[in-house]
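A.B. asks: Residue numbers (the working numbering), protein chains in the order written: chain F, 96 to 495; chain W, 11 to 491.
Keep in mind that the hints were calculated from the coordinates and are not lab data. Among the hints, erroneous ones may be present.
[Claimed, not checked] Okay, derived cross-link-like pairs now, SDA-like style, lysine to any residue, Cα gap no bigger than 25 Å in a straight line:
id : chain 1 : residue 1 : chain 2 : residue 2
1  : F       : K253      : W       : K459
2  : F       : K331      : F       : D467
3  : F       : K214      : W       : K459
4  : W       : K360      : F       : G159
5  : W       : K340      : F       : M298
6  : W       : K360      : F       : E373
7  : F       : K410      : W       : V462
8  : F       : K253      : W       : T358
9  : W       : K360      : F       : R226
10 : W       : K360      : F       : K331
11 : F       : K253      : W       : D457
12 : F       : K372      : W       : K340
13 : F       : K253      : W       : Q441
[Stated by the list, open to error] Anything over 12 Å on all C-beta distances counts as not near chain F; from chain W, calculated:
id : residue
14 : A137
15 : D188
16 : G195
17 : N337
18 : T362
19 : G444
Predicted model only: the values in this text are computed from it and were never measured. From the three backbone atoms N, C-alpha and C, an ideal C-beta is built for every residue, glycine too.
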Amino acid sequence: MATGIRDKVVVLGMGCSKFGERWDRNAEDLMVEAFEECLQDAGIGRNQIEAAWFGTAIEEQHVGKSGVPLAMTLRLPYIPVTRVENYCATGTEAFRGAVYAVASGAVDIAFALGVEKLKDTGYGGLPQRGRGGLNNFYWANISAPGSFAQLAAAYRAKHRVDPGDLKRAMAHISVKSHDNGAKNPKAHLRNRITEQDVLNAPMIAEPLGLYDCCGVSDGSACAIVTTPDIARGLGKKDLVAVKALQLAVSNGQEAQFDGWDGSYLATTRAAAQRAYKEAGIEHPRKRVSLFDVHDCFSVTELVTMEDLGISEEGKAIADVLDGFYDASGKIPCQIDGGLKCFGHPIGASGLRMIYEMYLQLQGRAGERQHADPVLGMTHNLGGFPSQNVSSVTIVGRYGA
Amino acid sequence: MSDDLGILSCGAYLPRLRLQRKSIAAANTWFAPALRGLARGERAMANWDEDAVTMATEAARDCLAGRDRASFGRLMLASTTHPYDDRQNAGIVANALNLASALAVLDVSGSLRAGSSALANALASAADGQTLVTAAEHRLAKAGSPQEMHYGDGAAAILVGRGRPIARLVAAHSETVDFVDHFRGHDAEHDYAWEERWIRDEGYLKIVPRAIAALLKKAGMAADAVTQLCMPCTLSRVGATLAMRAGIPGGAVRDTLASVCGDTGAAHPLLLLAHALEEAKPGDRILVAAFGQGCDALLFEATDAIATPAPCRGVKGALARRKEESNYMKFLAFNDQVALERGMRAETDKATPLSTLYRNRDMVTGLVGGRCRACGTPQFPSGRYCVNPRCNALDSQDARPFSDVPASVMSYTADALTYSPDPPHYYGMVQFDGGGRMMADFTDVDDGKVEVGMPMRMMFRVKEYDPARGFVRYFWKAAPA
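Based on the sequences and whatever the hints tell you, model everything.
C.D. replies: Written as structure tokens, this is what we have:
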């Protein structure tokens, strides 16, 4: 009988590059930047790493395929390196591989790194790319903002929400993330904005304006994981343990069957329920200290807070406008600026979220440190609301 | 011709956009002041994703509304603007209509008589079985040319054969004369035309009367017995002059639709005939004269069946489905007549793997999904396993075409980021009545007028142009019903 991942694996060290438009750096430079911080934090040498997982999503824009770019760049000593890609959950997927390797007992120390170099396309937004084989024939000519904008249309219709009310709540989400990002030296966007800025911004995909969309960034983040015993043996205190690692992937029910109404993420709901169970959390609204969710677009964050069971269905607007998720609120969401402002180098994002939770749990988050956090939850969502990959990760104080 | 042979049904299609001729004039009279005299009315303007194949498909769907598509064994597509020189254009229409492969198809081209000649041929062999004759045209014209004013885009479809005809063919006659009023050479994008006065005096007014006289002689009918004259011609008063000279009553001369849709080329004789039949009474004698390096003259008599209303939208329905367009630059851009900065997102390779297309041709060209025999769930696309989580049966699905299933908007957006020739690009999830759904591109929508729950109908359109290889890829899009 499976017992889940709770408290079986801890973080030995983490690193994260500065995110942003890193015009003067290659993907390889960003990987080294994150790796150097990570090694120093872990207090080990590269030759102690026994297996690695490498996450990149749009590899044709930078490093290319396979595990080779990671091993070559970091000079890893002929160890297994697995390259993973799972849309925007890519970074979390790399972390999951490393954590499972340690939990299985196959290795003592494993490594996960995510990287993306998106700003070499010549235009704004994500790189334009094919959908693969048959998909090119019949998929709509869809963009990331256009797919998530449809959440808003369906949410408004289902809950009979006035478009202006939803737009204001979405604006509050972005203003909050900019406030948080301003305090984060590694964040891509560090400017503060106002609700009026959001409401008056140019439309990208109705009703998402420019400030409803997250940054498209270059960056890398990584983690070294091990067992609690080995970490203690290496002199580590205040261990940060993995409490839950869940993933749910669409199977066509949303896109091709008739039950789903377009207003929520069925995958996130499934992954969250399993994650709470795995972590032994019965009342997440009372127990989770911090969230870093996949705010690729403001409306995604709003809907996600319902899908994670924190806000009641149809009630997220009220929680958002009450400041429940602000840095000064009951449960801060995106305390590091989120995808919105920290930035979204796809393959790195999941690890970046865990990095922030790790810093917060260790009391090392500087100006944005939250008082006494115990459990931090991260969430990724890749693809389209109608067919996607959703990951939910919970980390927290070891033993808590 | 026996009583049960003739025209069984008619359909029509016009693109929804109607370019205002005064907008063409406003942009061009600085250079070509004579255009001012033509700046009246509007012309049908294909959307960026329409061509002769898509328009013929829509006209055929209209013609076949409520009919068994297995009834006819031949399909023709007449046009001077087939998208392919070597790929059976009518075969694409056949696949889009989900016709069985046991079908004879023919692309007819080479002159503006392509449509009328295809119809005459189909009627001549009507006793051998039913033929669906489609004709469609999407002609380009140089900026500032009279053709740009005169032409319109559109299509018609006429089903002929044995059955309960709404009109019978009384007689047909063709004249062939190498009178080159205009031409379009190989690889040329635009027509080259001679002086209009010469075309009128030496062409229409000499060749057409010969054809009409021979036709009436064959029919044994006096000219004044003709009650409707369909004479496609963009030159003014030619129809009336011809009628007068032939002895056909002036009241029989029908509107050429020049002011409301323009001249749809090879499709126009069929479009005017379909229009005449929509308004015909039993016993009406309808003469169609199609000009182009000669003349096809066809004489029909409407039967009692004409009084039974058809389930088709017809020409009137096509004319009523209309949106004024006054943006001349958009017209140029849609027809690729101006070097528009389309942005780097437009640069992606649009190559089509032909083996993938062939393997999935019913799904892609025919919008065929599946319906599970075990649980009844309709689904698109049809997977090997049923999508219903309580079923998941393997290989349990029968083919289910979704092209004619009414749908409604479940979610949508107006996307300004993704590349579209007509931004913002509207798309969203559409839910089919009775089950099944798909994320679909929308077309023919008005900015700001889409909402959840809005009824939609699927339309056959161009999905991608591949300029590097000259390939056009088609798929289905959702348009307001």
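A.B. asks: Going straight from one Cα to the other, do W/K360 and F/K331 come out at no more than 25 Å?
C.D. replies: 54 Å, violated
A.B. asks: W/K360 and F/E373: Cα distance at most 25 Å?
C.D. replies: Violated, because 46 Å separates the two Cα atoms, which is more than 25 Å.
A.B. asks: Are F/K253 and W/T358 close enough, with their CA atoms no more than 25 Å apart?
C.D. replies: 37 Å, violated
A.B. asks: Could you grab the alpha-carbon distance between W/K360 and F/G159 and see if it respects the 25 Å cut-off?
C.D. replies: Distance of about 22 Å is within 25 Å: holds.
A.B. asks: Do the alpha carbons of W/K360 and F/R226 lie within 25 Å of each other, as the hint requires?
C.D. replies: 11 Å, holds
A.B. asks: Would the least Cβ to Cβ distance between W/A137 and chain F come out above 12 Å?
C.D. replies: The claim stands: W/A137 keeps its Cβ more than 12 Å from every Cβ of chain F (closest is about 41 Å).
A.B. asks: Please work out if F/K253 and W/Q441 have their alpha carbons no farther apart than 25 Å.
C.D. replies: 15 Å, holds
A.B. asks: In terms of Cβ atoms, is chain F entirely out of 12 Å range of W/G444?
C.D. replies: 10 Å, violated
A.B. asks: Quick one, are F/K214 and W/K459 close enough, alpha carbons at most 25 Å?
C.D. replies: Given that 25 Å is the threshold and the Cα spacing comes to 35 Å, the pair is violated.
A.B. asks: Checking a non-interface call: every C-beta of chain F should be farther than 12 Å from the C-beta of W/G195. Is that right?
C.D. replies: 34 Å, holds
A.B. asks: Between the alpha carbons of F/K372 and W/K340, is the straight-line distance 25 Å or under?
C.D. replies: 57 Å, violated
A.B. asks: Could you grab the alpha-carbon distance between F/K253 and W/D457 and see if it respects the 25 Å cut-off?
C.D. replies: It holds: about 22 Å lies between the C-alpha atoms, which stays within 25 Å.
Consistency note: the structure conflicts with the earlier hints numbered 3, 6, 8, 10, 12, 18 and 19.
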